[in-house]
Each structure stands twice: as C-alpha cells, then as structure tokens.
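Peer 1: Just so you know, the protein sequences line up as chains U and A, in that order.
The opening position of the first sequence corresponds to residue 1 in my numbering, with each subsequent residue numbered one higher.
The opening position of the second sequence corresponds to residue 1 in my numbering, with each subsequent residue numbered one higher.
FYI, nobody ran anything at the bench for these hints, they're computed from the structure.
Just so it is clear, the structure is predicted and the values come from calculations on it, not from any experiment.
Don't take every hint at face value.
Stated by the list, open to error - Just a sample of chain U residues kept apart from chain A, beta carbon distances all over 10 Å, derived:
| # | residue |
| --- | --- |
| 1 | 205 |
| 2 | 440 |
| 3 | 474 |
What the hints assert, rightly or not - Okay, the calculated beta carbon distance ranges per label pair:
| # | chain 1 | residue 1 | chain 2 | residue 2 | range |
| --- | --- | --- | --- | --- | --- |
| 4 | U | 485 | A | 330 | 57 to 67 Å |
| 5 | A | 69 | U | 308 | 47 to 57 Å |
| 6 | A | 163 | U | 201 | 30 to 40 Å |
| 7 | U | 201 | A | 130 | 21 to 31 Å |
| 8 | A | 130 | U | 487 | 19 to 29 Å |
| 9 | U | 317 | A | 110 | 50 to 60 Å |
| 10 | A | 173 | U | 485 | 29 to 39 Å |
| 11 | A | 134 | U | 308 | 50 to 60 Å |
| 12 | U | 488 | A | 134 | 37 to 47 Å |
| 13 | U | 201 | A | 69 | 47 to 57 Å |
Heads up, the beta-carbon is just placed ideally off N, CA and C, and yes, glycines get one too.
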Amino acid sequence: MAVAGPEVEPGAKTAEAARTRRGPGRRGAALRLGLMAVPVAFFGLFFAYPVTAIVGRGLKAGGDWQFGRIGDVLARPDILDVLWFTTWQALASTALTLLIALPGAYVFARFDFPGKQLLRAVVTVPFVLPTVVVGTAFLALLGRGGLLDELWGVRLDTTVWAILLAHVFFNYAVVVRTVGGLWSQLDPRQEEAARVLGAGRFAAFRRVTLPALGPAVAAAALMVFLFTFTSFGVVQILGGPAYSTLEVEIYRQTAQLLDLPTAAVLTLVQFAAVGAILAVHAATVRRRERALKLVDPDLTSRRPRGPGQWALLGGVLLTALLLILLPLGVLVERSFDGADGAAGSGGYGLGYYRALQSAGSGGSSTFLVPPLEAVGNSLRYALVATLIALVVGGLAAAALTRRAGRLVRGFDALLMLPLGVSAVTVGFGFLITLDEPPLDLRTSWILVPLAQALVGVPFVVRTMLPVLRAVDDRLREAAAVLGASPLRAWREVDLPMVRRAVLVAAGFAFAVSLGEFGATVFIARPDNPTLPVAVARLLGRSGELNYGQAMALSTILMLVCAVSLLLLERIRTDRSGEF
Amino acid sequence: MLSLQSATVRFGKRTALDAVDLAVADHRIVCLLGPSGSGKSTLLRAVAGLQPMDGGRVLLAGQDQSGVPVHRRGLGLMFQDHQLFPHRDVGANVAFGLQMHGVGRAETGRRVRDLLELVGLPGAERRAVAALSGGEQQRVALARALAPRPKLLMLDEPLGQLDRSLRERLVVELRTLFQELGTTVLAVTHDQGEAFALADRVVVMRDGRIAQEGSPLDVWQRPASAFVARFLGFDNVTGATVTGRAAATAWGKVPVPEGSPQGEADLLVRPAGVLIGAPEDGLRCTVGVRTFRGNHVTVRLTPENAPVLEAECALRDTPDEGAVVGVRFDAAETVVLAAE
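Produce the complete structure using the sequences and hints provided.
Peer 2: Below you can see the structure in the form of structure tokens.
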C-alpha cells in the first residue's frame, strides 16, 4: 500500500473523535510509557542524578548557582585551544575511520573468505582494549625506539597522526559491525534491479545501496565522532602536553588541579556539544529511516570474483593486518619480553604472567589480591552489565520502534548522551551521590555493572533500532490479528527477526563493559579490580616488572575479548539457519 | 455477524471513511469493490482494530468493539501481500494463530496438517516461506488466517499479486471452500470479475462512502449511478433526457425500458445493446479497434460528433476495421441511472 503514513493531525480531531479513539490509542500510549519507564528510571537514577550533582558542586557556591563562571572559563585562550583541537581531531578521525573502514564493511558483508569469522572478532578486539593500553601499544609502534623508529627512523608520537591512527584502530570495528551488519542483510537484487534499469555500477550503489545504508553509516559516524570527541587515554599518552581534548582537560582539572568549577563548566560544554550533535543526527536519520527488505546474510555473501574484488579483499586484509594486528602483535611481544620476569634479562618467557598469580610479587605490588583475579571480576561484571544493558536498551528500542510523538524522539537522542558525557564525571558522580540510603550502593558490587551498562545501553539501542524499524509493521499487524498481544507480537515477530542484531548488541555491550575504564577506576573496590583498572594500576607504577605485567594482563584481556567475541560469532552462525 | 454504524476515519483533512453503515450476515461472502483510495482497505483495518476510528462503531456478533484490541477480536485477516513471517516455516506460520490461542501441540499439528491439505499444500509444513511461489504463499496465508477459526475472515486484495489464470482458478476454489466451511467473509478487491465470482453481496465504494450495495447480479444489471457503471467497466454512459420510452442523447434517440425515471438522467447502454447494421440504418459510425474475448468481440465505434460507443457482437458478425456501419439500440440493454 502506497498510502502515506496515516498520521492524524492533532487539529483534525474533534471531541467526538477523541472519545471513540480512546480504546486502542490510550492502550498504545500506556504501553509506550510502560516500556519507557524502566529506561527512564535507569537513566534518571544512574546518569542524570550523579552528573547533575557533580556539576552542582562545581557551579554552586553557598547554595547559589554561579553561572558567571561559565563565561569566565570559556573566555580563556587555553580552553578555546582545547575546544578547537577536540573538534577538528574528532572530525578528522571520523572521516579517516569511514574512509578506511567502509571498504572493510563491504568486504565483511558481501565476500566469503577463509578466516572471516576470526578476522571479524580480531578487528573488534581493539575496541574493548583499555584506552591506556591502546595508547601504549601505539607508542611502542610509532614512538621513540618503536618499531617504525627502529626500521626507518620514523616517529609519529609527537604528531597528530598518531592520535588519528589510534582512533581509527579503535573505531574500525564500529563501522564494520554497524554498517556491515545491515549491509549483509540488504538484498543484492535491489542493486541488480537498478543495473538492469540502466544504472552503472557506481550509480546503482549511490542511488540504491547508499540511501539504504544511510542511517547505519550516520549511526556509525556519530559513534566514532562521539568516541573521538571524548577521547581520553589515547590523547593523553600520544598527544603529550601539546594536544588535549575536553575529556583530558576535565580529568586534569578534576584529579590534578582540583579545579572543580572549571571541570564542571567543561563537562557542561561537552554535554551541550554532544547534545547538539545528537539532535542533528536524530533529525537526519529520522528523515532517512524506512522499512528495508532484509534478507538472510548468508545468501548475500559469496567468494570474490575478478581481479578488482580480489584486490579489494587484499587491501582490506592488508589494512587490518597493518592497522590492527601490528599494534596488538607488539603488545603481545612485549608481554613475553624478559624471561622469568627478570627485568632486562633479554629473551622471551612467561615471567610476567607468573608474577600475576601472586598478590605481593616483586615487593612493588599494590594489589590486595593476585592481579589474575581481575579476569574473573571483569567477566562477572561485564556479564551483569550486558544483561542490564540488554534489558534497558531492548525496552527502549521497543518503545522507540513504535511510531510516536516528539517526546519519544527526544528520548531517542537522550539515550545517546551517556556516550558523550565524561566517564570521569559519571564515576565521580556515582561516588558522591549513591552513598546514602535508600540508595547506598557504594559498597555494593552492582555499582560497577551499573556504570558499565550506562555506556552499553546506547550501543544496544543504536544496533537494534535500525533493524527493528526495518521490520514491516504489517507483520506485527498480522500477528495481532491472529491473536498475539502487543508483547507477544514483539516476542514472536520482532525478536526472532532481530536476533542477530540482539547478539551483535550484546557483543558490543559486553565489549564496552569489559573495557570500560574512566568510570570504573573511580568505583571499583580495591579488592575487586577489573582488568583495565588493574592494567592502569600496573602502568602507573615504575619498573620493568610492573610494565611487563601490565602488558601480560592486557594480553589476557585481549584474549578474553577475542574468545568471547568468537563464541558470539559462533552462536550467530549456528542460529542463522532459522532466518 | 458484523455491523458498522456510521464508521468514520480521517487522515488529516482527507476523510477515508465517511459515516459508513454496513452489515454482513452470518455465512455470507461480501466483497468491497472500488477504485484505489475509495476506503476499502481502511474499512477492513478499522474492523480489525488496526485503524483507530474517528467516529462510529464496529459491532461483531452484536458486541461493540471499541476498546477491544486487535488480538482479542477473533478475526482473520489476509493481507494484500500475505505478510508471512519470514523467520518461520510454512507449518509454523499456519500454527501461529493456534499457539496464540493456547491450542495444544498435538492439536496444533493436526489442524495445521488438515489446513495445508485443505488449501492444496499437503505436507508442506517444513518448507521455507521464501521458497514458495506467489500462489503457494497465498494458500499458506489463507491457511494461516483460517487456522484459529475466525468469526469473520477478511481478505485484502487476496489475489492481487497473482497472474490472471491462477486468479480465476483460485477465486472459484475460494468460494467453494468458504461455502463448505460456512465462513463469513469480507473481502476487498478492485477487480470486478473477482468480486462477481466470489461474492454473495457486492458493496461498491467511492470516496469513503458506499455507492451501491446489492447482489452481484443486481449491481451489474442496475448500476446505481454513472460512477458505478463506469467502474464496472461500462463505457457507454452519457447524459440524457428521458421522455416516455425514449431518451434524447448525443447518440440520438435511444429506447429505454418501460417504467424508467423521467427527465434529466445518465443513460447506460450495455455493449450487447449496441446493434450493428447497414450504414444507412441508424447512427453512422466508423469501426475502430476490435478486441477478441473468446466467444464474442468488443468493437469500438466512432460516431460523427458523438462519444465513442462500445459494441459487443458475435465472432461471425464482426465488421472490418475502418468500415462504416449503422447502429441501433436495444431497449432491454439500456438503464436509466439516477442522476448524481
């Protein structure tokens, strides 16, 4: 049916009409509100409340708001420099990531090649590595005495290129998975239809595939921009004193200079900037999202044909090798460097790994428990965080799928805000707000998964929403007519059709939970550190042994991620027969 | 079974359903017929509860349905493009409604098997819906809609996407099936032939209102208005002034049946009532395009200074293209239509 959306203009409704519409209309609204209740409560309690509290501390003096401080801080030239650098490096990183990763998305979506699943998991690994480790790995690659320095005398660590490359390394998977996931489900016959109608190869792509991919590309670009705009560990290590993003500056002002007012202003600026980006994004995406005809991804991929396609595949594999495997390889190499844990003893060995098993190794340990226990902690926390994120994000996505008014659209953008707000602020906010009854969670283990779920939810929503919206509404109607209640219809129609998206979302949520650092470092208890926290603690200590242990622990984290992701990919293909 | 009372649906300023009253009796097959945009599908959706109404009531078996959600109305609806669930196989698609109604596993399996047999796809339970042809999909969709034994089965352009020969065969199958099962059916179509073959009653819709309602034979024999006549495929419609048993028209004097309404009106001459004779005998026309329709031929005739006429004649009497003929009219095949 080509009938334009049956939207009823509010003005056209008479009193009588409103009366007769009451039944289904109210029910729908109530359902939507019911679905949104949990996400709203979650974000109110664990996001809005702590962040407002922190900002309040910075901007309040003697109970009065001091908004004049905003103007004062923003007039400072050093702050303006930070703002400018934050913006342009994020733009450049996003453009570079899209440029490098979009061919990758295509290759993963459309080509079959041996080791595809393994490679898909491998390119996702960087995304879950603690930013500190990413920074260090690139330092080992591009810095003084690094691999490039040794080979060709090239050093990039003082240039912005190191930051940009690390950002691409970090976000490659975001584009490949978000765009490639949808791409693999687009029917290639659409493009074939365009070709038959006289479109060239490129025209067919531009007019048929690209518009269909639009929302996914926009979503991916938005995420990359957000991550790079709020980049912390990478910039701190590779940028040196010359380059500083907002997040780095917030951390500096909070933790080093103890200048809470400036930190609060910068938090607000970051918040406002991110809010503006999200609003623009929501507007553009809304205009382009439509029901797509999705097909089984297994039917759309095949072996490459012809020299052009083989060259493309080769190029993508080479990029993945140089950009992703090389830094990871350097990281692994360093974890084995130094036999028996003896500093500078040369040769390779398991010394650093053995050292991880004892709490007081080398006399310089800061751990109450063996660092190795962090593995179990991390997995437990990440699992709980993933469950929370799936429930909260799934409910939110289900609510957003239903055609709705402005209120819900605003909610859509609101869900993304946690990605843009300084993790440092959130973590610190948790500590100062959730410490009194009835919500005294300071000593509870749930605090860490809650903070991690906060960054996981946007991923779940962003991954599931495009696919959920692409489910033909009349399938739900068909289910309803056959006797399925709205909830049942969601379970029987939406859920099976988006199972793949749910698994991808779960993978993302698990990965970011596992790698979350900025907030966790504030709230993880000393006797229950997560992997990234343990790594950072080791890196913060001097000495070859601590550095080596950090590398070893990072390698373990990397392996844990790789194994979990491989498992996920395995589940995915096992179940894909049902599609 | 079903009764609509001044059902009204508005999309913005456009009124898709304008205070429609309609009743469907038990075990009857009613066809909604009309051009696209006339409100047929909206009516189905309003009955199903998929489209909120801006006024009026829907009653099923005497029960007011306002406030009853879609899934509790106990209806069957076959969608225009079937909307089979792509992630379920044929058997699971048919079983869906039974599962929703809490039918047990064994009973479900039995009913699915019976239904697939009924629609001519025995043993197709495990097939993927993507692998089905259009006709097979239609059968599965029908089996799925019938499975929960709905009080009222609604069909939205059930045969719209199928090719003509298949459509003609399926219409006969459907009617036989519904009569055997005693199903109450409300179907939407824009194809007059389909409606004629399928329905006990035909409801012609125009701009959200009912233009005519009656048995297929009634509607074809006595279209209520020029709109209905044209929609049914009759092109020989013109303004006329009726006096006694004759009507003055652009084609000259045309005889009309006894008891026809007098004065200004629209006049329909069925093609069978356009009699072709010698050129000096009646209205002079030039023979245009001829269309063969099996046992007869439709001929387009162009008179001087008058609208084109369509005539039906036997194969052996068909004039040559370009020939000049004379036309007379048969009073039994003319209908004086109510003025609009």
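Peer 1: Each hint should be assessed against the structure and marked as holding or not.
Peer 2: Evaluation of the provided hints:
1. 205: holds (25 Å)
2. 440: Non-interface label on residue 440 of chain U holds, nearest chain A Cβ at 43 Å vs cutoff 10 Å.
3. 474: Residue 474 of chain U not clear of chain A: closest Cβ-Cβ about 5 Å, inside 10 Å.
4. U:485 - A:330: 57 to 67 Å: At roughly 60 Å between Cβ atoms, residue 330 of chain A and residue 485 of chain U fall inside 57 to 67 Å, so the hint holds.
5. A:69 - U:308: 47 to 57 Å: Given about 54 Å between the Cβ atoms, the range holds.
6. A:163 - U:201: 30 to 40 Å: Given range 30 to 40 Å: holds, Cβ gap about 33 Å.
7. U:201 - A:130: 21 to 31 Å: The hinted range 21 to 31 Å holds for residue 201 of chain U and residue 130 of chain A, with Cβ atoms some 27 Å apart.
8. A:130 - U:487: 19 to 29 Å: Given a distance of about 27 Å, which is inside 19 to 29 Å, the answer is holds.
9. U:317 - A:110: 50 to 60 Å: holds (54 Å)
10. A:173 - U:485: 29 to 39 Å: holds (33 Å)
11. A:134 - U:308: 50 to 60 Å: violated (37 Å)
12. U:488 - A:134: 37 to 47 Å: violated (29 Å)
13. U:201 - A:69: 47 to 57 Å: Because 49 Å falls inside the window, the suggested range holds.
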